[in-house]
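S.K.: Chain by chain, the residues run as shown.
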Amino acid sequence: MVKIAGIEIELYEGGAGAPLLFLHSAQGFDASHEFVGLLAKDRRVIAPSHPGFGKSGLPDWVDSIDDLAHVYLELMGHLRLDRVDIVGCSVGGWIAADLATKIPERLRKLVLVAPVGVKTGPSDKLDIPDIFALPQEAVAKLLFHDPAKGRVDFASMSDEQLQIIVRNRESLALLAWEPYMHNPKLVHRLHRATMPTLFLRGASDGIVSAPYLERYAALLPNATISTIAAAGHAPQIEQPAEFTKTVLAFLDA
Amino acid sequence: MKAWHFSENAYPYLPPSDEFDSIRVTLPNRNYDPRKGAALYDRYLDEWLIAEAEGMDIMLNEHHQTATCVDPAAPLVLAALARLTSKARLLILGNPVANRRQPVRVAEEMAMVDILSKGRVEVGFVRGVPYEISAANSNPVRMNERQWEAMDLIVKAWTTHDGPFSHEGRFFHHRMVNIWPRPYQAPHPPIWVSTMSPSGAARVGEHGYIQATFLTGFDSTRAVYDGYRRGWRQAGLGNDVPVNRLAYAALVYTAPTEAEAYAGAEKLLWYITANKVAKQFMYPPGYMPLEAQAKQMRGAALDPHMGLLGKATVEKAIESGIMFAGTPDQVFKQIKKLYDHVGGFGHLLNMGQAGFLEHEETALGIRTFAREVYPRLKDAFADDVISGRD
Numbered sequence: 001m002v003k004i005a006g007i008e009i010e011l012y013e014g015g016a017g018a019p020l021l022f023l024h025s026a027q028g029f030d031a032s033h034e035f036v037g038l039l040a041k042d043r044r045v046i047a048p049s050h051p052g053f054g055k056s057g058l059p060d061w062v063d064s065i066d067d068l069a070h071v072y073l074e075l076m077g078h079l080r081l082d083r084v085d086i087v088g089c090s091v092g093g094w095i096a097a098d099l100a101t102k103i104p105e106r107l108r109k110l111v112l113v114a115p116v117g118v119k120t121g122p123s124d125k126l127d128i129p130d131i132f133a134l135p136q137e138a139v140a141k142l143l144f145h146d147p148a149k150g151r152v153d154f155a156s157m158s159d160e161q162l163q164i165i166v167r168n169r170e171s172l173a174l175l176a177w178e179p180y181m182h183n184p185k186l187v188h189r190l191h192r193a194t195m196p197t198l199f200l201r202g203a204s205d206g207i208v209s210a211p212y213l214e215r216y217a218a219l220l221p222n223a224t225i226s227t228i229a230a231a232g233h234a235p236q237i238e239q240p241a242e243f244t245k246t247v248l249a250f251l252d253a
Numbered sequence: 001m002k003a004w005h006f007s008e009n010a011y012p013y014l015p016p017s018d019e020f021d022s023i024r025v026t027l028p029n030r031n032y033d034p035r036k037g038a039a040l041y042d043r044y045l046d047e048w049l050i051a052e053a054e055g056m057d058i059m060l061n062e063h064h065q066t067a068t069c070v071d072p073a074a075p076l077v078l079a080a081l082a083r084l085t086s087k088a089r090l091l092i093l094g095n096p097v098a099n100r101r102q103p104v105r106v107a108e109e110m111a112m113v114d115i116l117s118k119g120r121v122e123v124g125f126v127r128g129v130p131y132e133i134s135a136a137n138s139n140p141v142r143m144n145e146r147q148w149e150a151m152d153l154i155v156k157a158w159t160t161h162d163g164p165f166s167h168e169g170r171f172f173h174h175r176m177v178n179i180w181p182r183p184y185q186a187p188h189p190p191i192w193v194s195t196m197s198p199s200g201a202a203r204v205g206e207h208g209y210i211q212a213t214f215l216t217g218f219d220s221t222r223a224v225y226d227g228y229r230r231g232w233r234q235a236g237l238g239n240d241v242p243v244n245r246l247a248y249a250a251l252v253y254t255a256p257t258e259a260e261a262y263a264g265a266e267k268l269l270w271y272i273t274a275n276k277v278a279k280q281f282m283y284p285p286g287y288m289p290l291e292a293q294a295k296q297m298r299g300a301a302l303d304p305h306m307g308l309l310g311k312a313t314v315e316k317a318i319e320s321g322i323m324f325a326g327t328p329d330q331v332f333k334q335i336k337k338l339y340d341h342v343g344g345f346g347h348l349l350n351m352g353q354a355g356f357l358e359h360e361e362t363a364l365g366i367r368t369f370a371r372e373v374y375p376r377l378k379d380a381f382a383d384d385v386i387s388g389r390d
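As you go down the protein sequences, you meet chains A and B in turn. So the first sequence is numbered by the numbering used here: it starts at 1 and just counts up by one. So the second sequence is numbered by the numbering used here: it starts at 1 and just counts up by one.
If you're looking for bench data, these hints aren't it; they were derived computationally from the structure. For glycine and all other residues, C-beta sits at the position ideal for the given N, C-alpha and C. Just to be clear, a hint being listed does not mean it is correct.
So, partial list: chain A residues that the calculated Cβ filter (under 7 angstroms) puts toward chain B [claimed, not checked]: (1) Pro135; (2) Arg169; (3) Glu178.
Stretch-level coverage of chain A by chain B, calculated; a stretch enters the list once three of its residues show a Cβ under 8 angstroms from a Cβ in chain B [unchecked claim]: (4) 121-134; (5) 155-163.
I would like the entire structure built from these sequences, with the hints used as guidance.
M.R.: In structure tokens, the structure reads:
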């Protein structure tokens, strides 16, 4: 744990090499996931749990992605991270994109994995499906290429584990309820994110569509897109080897 | 004891329940026939007038995007009642202030109806059931905080008479609050809050507002009232909490014979059996405490009535204290049993119409209760008795 902006932040650090700030999705961060070890072979992986996620605190004043980005500005100062690479997944990608508009000069390269955060489609159609209004099974289908892999046996989990899952979902709602999964200002700021940026998406992702990702990437001056086969919204979980290979190839190029 | 006739203005003419996922939030309104709906409003208003004529008071509530309660703008019906009635107290329970973007507007609406009714309005505030979230697009996280900030702002708007004040709070901002009209009643209309949890009730108790609980049965109701008394005492309001601070809502059907009463009660159960709600709308994130949500994920049903969905019986409902039904004598005894168990309450909110309970049946239930049970309740349970004594 580290205290940042008055908040107790759960912080994972592993591996050695050039620093890589990993910003997790709404599922939270789990160091036992295979991709973490694979990234840590080449990089010093720094993975905070966002305020309200995992074991990190959540003060009353925090209720937006902008707030989280400000917390991470302080974390970067605390860890003396400069010219750092950031990999952000889903809502973590939104935080990363926000940071990229705030401090473009301090980020070296950016990987946005199925990021949310912008609204580019028509007002009468959600860019991101309303996961809070869908049955759990329907959400699982959108999230995973193979929903069976994503199935979690809640009955076998400890109270503490279950409460973290519940709290992560609650914090996601706090941050992304309205406007839903986006900040309307972000599209007008992303031109500042000039660093080389890779947009990554699982081919079967039902949350972040290919056209959404293309429109998102078009807002950044220096972005490319890559797709990972046989993966859904979390390619880092479903295809850890391919994911790591793609990310490191981009960062090392 | 005071008794209030309560109707949800239900629209029961629906397709078979296996043809839709949820009676709330998503059921398309093509299933609503405006002409039938207009006739229903006439009918339900008439039933409130019958209750008034029989000496009862009147309660209404608000829900959104649902056939169970077609009263999405309860202040409008309240305003109609203010002009149609002349002596009944009018309780709106309530305004879902955590889902309303402008608390000052709510203060204005309530003040206006208080004037229209010449001081007969009682203003309830509710957090709103989980399924209200989607209709309001309201963030389910930190709702309690929003509700209390809104309530405090509304009370201040009602009670400030020397020109504008400003409010820069956590959730609401207003630089020029100066409502016209101000309420008829001074300092303001009686305030009610509905809560189903002991901790929530404690906070209501701290303020001395009237605490209402809905269909909570024997033990949960006792716990809620204990919470209220705890809050009341901790806030230094005194040791004794009068029963008139506590209200209980139940399904109520009284008829001269047991057979008639049970037939009516059967129909009243529609309120519970028809409440088919898709799971994703029942458990929005942040609505419930983490521990409760974790239990739900393990498969526990958190809504105590969901277990009854589709299979409720009159006997079971009476046994669990969520329904009072039978002959006047039976109904009196059932109410007394709950009253004694929970430590007393001063207001009975009679849900006296639901589903296919026809007008004549509803009127019979109201009249039989008002003429043959209500006088006994008034005699047996005075308003100023101290609650919580065994």
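S.K.: Tell me the hint numbers this structure goes against, listed in increasing order.
M.R.: none
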